[in-house]
Amino acid sequence: MIRLERVTRIHNEGRPNAVTAVDDVSLELPDRRVTVLRGPSGSGKTTLLTLVGCLARPTRGRIWLDDELISALPERFMTEVRRRTFGFIFQRFNLVRGVSALENVMLPAYPAGEPHAALKARAQALLERFHLRDRMHEKAELLSGGEAQRVAIARALINDPAWIIADEPTASLDTSLVERFLAEVRDLAKAGKSIIITSHDPRVWQADVVDRIVTMQDGRIVSVEDVGKAPAAAAGREGSPP
Amino acid sequence: MRRWLGRQLHLVDFTLGALMRRKGRNFMLLTVYTLVIFMLASVMFLGSALRHEAATALKGAPEVTVQNMVMGRHALSPPEWVERLSRIRGARNVHGRLWGYFYDQANGANYTLMVPPPHARDIAVREGETVIGASVARLREVHRTGYLFLLSPAGKLFRLKVARTLPHRSELLSADLVLLSEKDFRTFFNLKPRDGFTDIALAVRNSNEVPTVVNKITRILPGARVITREDVLRTYENVFSWREGIVLAMLAAALVAFAIFAFDKASGLSAEERREIGILKAVGWETSDIIAMKLWEGGIVSAFALVFGVAAAYAHVFLLDAGLLAPVLKGWAVLYPDFSLTPVIDRMQLLTLAFVTVVPFTVATLVPVWKAAITDPDIVMR
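For the record, the sequence lines run as chains A and B. First residue of the first sequence: 1, per my numbering; consecutive thereafter. First residue of the second sequence: 1001, per my numbering; consecutive thereafter.
Hints may be right or wrong, so weigh each one.
What the hints assert, rightly or not - Label pairs and their computed distance ranges (CB to CB):
| id | chain 1 | residue 1 | chain 2 | residue 2 | range |
| --- | --- | --- | --- | --- | --- |
| 1 | B | W1370 | A | R186 | 52 to 60 Å |
| 2 | A | D187 | B | I1374 | 32 to 40 Å |
| 3 | B | S1270 | A | R60 | 53 to 61 Å |
| 4 | B | S1270 | A | P16 | 53 to 61 Å |
| 5 | B | R1347 | A | H11 | 33 to 41 Å |
To be verified - Here chain A is said to cover these stretches of chain B; the calculated rule only asks that three of the stretch's residues, wherever they fall, bring their Cβ under 8 Å from a Cβ of chain A:
| id | stretch |
| --- | --- |
| 6 | 1011-1017 |
| 7 | 1368-1378 |
Unchecked claim - No more than 25 Å apart at the CA atoms, straight line, and that leaves these computed lysine to any residue pairs for SDA-like:
| id | chain 1 | residue 1 | chain 2 | residue 2 |
| --- | --- | --- | --- | --- |
| 8 | B | K1371 | A | T59 |
| 9 | A | K139 | B | P1343 |
| 10 | A | K120 | B | V1012 |
| 11 | A | K120 | B | G1006 |
| 12 | B | K1161 | A | L69 |
| 13 | B | K1371 | A | K190 |
| 14 | B | K1371 | A | P74 |
| 15 | B | K1371 | A | N17 |
| 16 | A | K120 | B | R1003 |
| 17 | B | K1371 | A | E28 |
| 18 | A | K139 | B | I1300 |
| 19 | A | K120 | B | R1002 |
| 20 | A | K139 | B | M1001 |
| 21 | B | K1371 | A | L142 |
| 22 | A | K139 | B | R1002 |
| 23 | A | K139 | B | D1013 |
| 24 | B | K1371 | A | W205 |
| 25 | A | K139 | B | R1219 |
| 26 | A | K139 | B | K1371 |
| 27 | B | K1023 | A | R97 |
| 28 | A | K190 | A | R57 |
| 29 | B | K1371 | A | H11 |
| 30 | B | K1023 | A | T59 |
| 31 | A | K120 | B | K1371 |
| 32 | A | K120 | B | L1009 |
| 33 | A | K190 | B | D1013 |
| 34 | A | K120 | B | F1027 |
| 35 | B | K1371 | A | A72 |
| 36 | A | K139 | B | F1027 |
| 37 | A | K190 | B | R1007 |
| 38 | A | K139 | B | V1012 |
| 39 | A | K120 | B | M1001 |
| 40 | B | K1371 | A | E75 |
Derived from the structure by calculation, the hints contain no laboratory data. We treat Cβ as the ideally placed atom computed from N, Cα and C, and that holds for glycine.
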């Protein structure tokens, strides 16, 4: 479980252009659930995701991963937690240009120093699972939107993380590709992954695979709805104070 | 250790790909870097090859030379000095040498006229004949007539049959040499036997005894100048080192300019590179991985520049006779020694070269590399 305790994130703190992106948020994200963060642009969804995924530190407040206080870890250990625990699917997929789909998938595992042959075999298996066997040696920029997204999902899974974080994954996909993405999410959820998705796409938060919807506005949580089979954990301690 | 090694292999693999992805920019850097190393290595190779050449050529020179000094100037040595010096224990092959300079007005060149030492039978010259250096042969085109014509200081025309030309391998010292018999030499310069010799040369039985013999000569002939073979070699070394130093000092400016260029290149990360670093950090790369990757990048560029630069310098100096640097390091003369240099590469020199090029490059790029490595991973989410 990931627990956020009165977390605030201010961009450019102390400067005239300071912006409070996340404002005093407390939230619990249970394991093995699909949670959607929704809200209008600028509501703080993506910033909250960066805090949860150890991509940034909160200005104030604390973040716990199970019993480990991860928001106070030194950078090196925070990176280790990020690599070990989270797999990211970015909005524009953020594949490294000029690099093959296969190597893009292998990249997150490089710092672990695993032998090349074993790592390559694992990456190939993942790409085959996402029906990209024939495209694995193609440069990232030559892949279609759907292919790029599947490569991004494969990359997110290469270190076998417990949590998958996806930021607006359907923003640039047509309906059929959105369906395909949701099918992948369903498979990942079945495989026991915990998934957090930011989206303002109704096709995502209305999908049957979603267990929980967290609505944000102006950096605060305005509602937490449990829409799936699993009950909300400690719902009373969640949200932003009025 | 295994994990560290595996990590480094992955980093090298990725770095090589990254270098190829930005080949235009890296090719420019590699070209400038290679050029700087090429120039520095050429100067070092040529300097050391010339010193080696001089040392090799001087092996046959007399161990000790004694010159008479009159009013602080070199004068002819009296013939009885040969007898006096022969009595020194440890000295052998004491003989008077005859040599002098001749200015060839027609060609604007200076020749060294010399009588071969009595024990050097391989270059013995008969009366009316001469043995000449390769440069003299070229300049005077002796292959046409087979004769060398010289106008003596007294205005008398000398016609000497060219018995042979000295080999190229000795050209550093023999380029301007004209060897002739003692009788012809004395006639040419109007010198009588009782006038003595240009100087006296001698060998020392035990080379460790050279300083002792020099001391004895100084006691016997207090006004004489005593020159050892080591002195001559040191003079050559100093001349080459001085010239080499001047060129290297000039190249230091190029090195500084290159360091600034490298700093500028490393600082100017493109938006694409920043994004790439952001992605790598977001997916789990540490700051140290990014720094290591950038250091590998610098190391690979440095290694290639070093190999290409040193190879090009080797070809330039030892295969193409250092066409770009020869006038500075060999000296200027009408009789330009045209000799092939023996490849001599000192390991220490290569290490120095690597140190003076790779270290400034690495230092110049370190700060920009660190700045790039601390890019926030959340850049990719913005």
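Now the hints, each set against the structure:
Evaluation of the 52 to 60 Å hint for B:W1370 and A:R186 yields a failure: the beta carbon distance comes to about 44 Å. Between A:D187 and B:I1374 the beta carbon distance is about 37 Å. The supplied range of 32 to 40 Å therefore holds. The hinted range of 53 to 61 Å is not satisfied by B:S1270 and A:R60, whose Cβ atoms lie roughly 35 Å apart. The beta-carbon spacing between B:S1270 and A:P16, approximately 29 Å, falls outside the hinted interval of 53 to 61 Å.
At roughly 56 Å, the beta carbons of B:R1347 and A:H11 sit outside the given window of 33 to 41 Å. As drawn, the stretch 1011-1017 of chain B meets chain A at 4 residues by the rule of a beta-carbon pair under 8 Å; at three or more, the given contact holds. Under the rule that three or more residues need a Cβ within less than 8 Å of chain A, the assignment of the stretch 1368-1378 of chain B holds, with 3 such residues. Between B:K1371 and A:T59 the CA atoms are separated by roughly 22 Å; this keeps the pair inside 25 Å, and the hint holds.
Annotation: proposed proximity of A:K139 to B:P1343 is violated, straight-line Cα distance about 47 Å (limit 25 Å). With a C-alpha separation of about 16 Å, the suggested pairing of A:K120 with B:V1012 holds against the 25 Å cut-off. Proximity of A:K120 to B:G1006 is assessed by CA-CA distance (about 13 Å); at most 25 Å being required, the pair is judged to hold. Between B:K1161 and A:L69 the CA atoms are separated by roughly 100 Å; this puts the pair beyond 25 Å, and the hint is violated.
As the CA atoms of B:K1371 and A:K190 are separated by approximately 42 Å, the hinted pair breaks the 25 Å bound. Proposed proximity of B:K1371 and A:P74 is supported: the alpha carbons are some 18 Å apart, at most 25 Å. A threshold of 25 Å between alpha carbons decides the hint, and for B:K1371 with A:N17 the separation of about 23 Å falls inside it, so the pair holds. Taken as a hint, the A:K120 and B:R1003 pair is honoured in the structure, with Cα atoms around 16 Å apart against an allowance of 25 Å.
Taking the CA atoms of B:K1371 and A:E28, the gap is about 35 Å. The hint is violated against a cut of 25 Å. Restraint check for A:K139 and B:I1300: the C-alpha separation of about 24 Å stays at or below 25 Å, so the hint holds. Distance check on the hinted pair: A:K120 and B:R1002 sit about 17 Å apart at the alpha-carbon level, within 25 Å; holds. Using a Cα cut-off of 25 Å, the hinted pair A:K139 and B:M1001 is violated, with the two alpha carbons roughly 32 Å apart.
A threshold of 25 Å between alpha carbons decides the hint, and for B:K1371 with A:L142 the separation of about 31 Å lies outside it, so the pair is violated. Distance check on the hinted pair: A:K139 and B:R1002 sit about 30 Å apart at the alpha-carbon level, beyond 25 Å; violated. As the CA atoms of A:K139 and B:D1013 are separated by approximately 16 Å, the hinted pair is consistent with the 25 Å bound. The hinted pair formed by B:K1371 and A:W205 fails the criterion: a straight-line CA distance of about 40 Å is larger than 25 Å.
Proximity of A:K139 to B:R1219 is assessed by CA-CA distance (about 86 Å); at most 25 Å being required, the pair is judged violated. At roughly 28 Å between alpha-carbon atoms, A:K139 and B:K1371 are farther apart than 25 Å, so this suggested pair is violated. The hinted pair formed by B:K1023 and A:R97 meets the criterion: a straight-line CA distance of about 14 Å does not exceed 25 Å. A C-alpha spacing of about 31 Å is found between A:K190 and A:R57, which places the hinted pair above 25 Å, so the restraint is violated.
Only pairs whose Cα atoms come within 25 Å are accepted, and B:K1371 paired with A:H11 is accepted, the gap being roughly 20 Å. Using a Cα cut-off of 25 Å, the hinted pair B:K1023 and A:T59 is violated, with the two alpha carbons roughly 41 Å apart. A distance of roughly 31 Å separates the Cα atoms of A:K120 and B:K1371; the hinted pair therefore is violated under the 25 Å criterion. Between A:K120 and B:L1009 the alpha-carbon distance is near 14 Å, which keeps this suggested pair within the 25 Å criterion.
With a C-alpha separation of about 36 Å, the suggested pairing of A:K190 with B:D1013 is violated against the 25 Å cut-off. Using a Cα cut-off of 25 Å, the hinted pair A:K120 and B:F1027 is violated, with the two alpha carbons roughly 30 Å apart. For the hint pairing B:K1371 with A:A72, the CA-to-CA distance comes to about 23 Å; that is within 25 Å, so the pair holds. Only pairs whose Cα atoms come within 25 Å are accepted, and A:K139 paired with B:F1027 is accepted, the gap being roughly 22 Å.
As the CA atoms of A:K190 and B:R1007 are separated by approximately 32 Å, the hinted pair breaks the 25 Å bound. Proposed proximity of A:K139 and B:V1012 is supported: the alpha carbons are some 19 Å apart, at most 25 Å. Our distance criterion of 25 Å between C-alpha atoms is met by A:K120 and B:M1001, whose separation comes to about 21 Å. Restraint check: the Cα-Cα separation between B:K1371 and A:E75 comes to about 15 Å, which is no more than 25 Å; the hinted pair holds.
Hints 1, 3, 4, 5, 9, 12, 13, 17, 20, 21, 22, 24, 25, 26, 28, 30, 31, 33, 34 and 37 from the list above are not met by this structure, while the remaining hints are.
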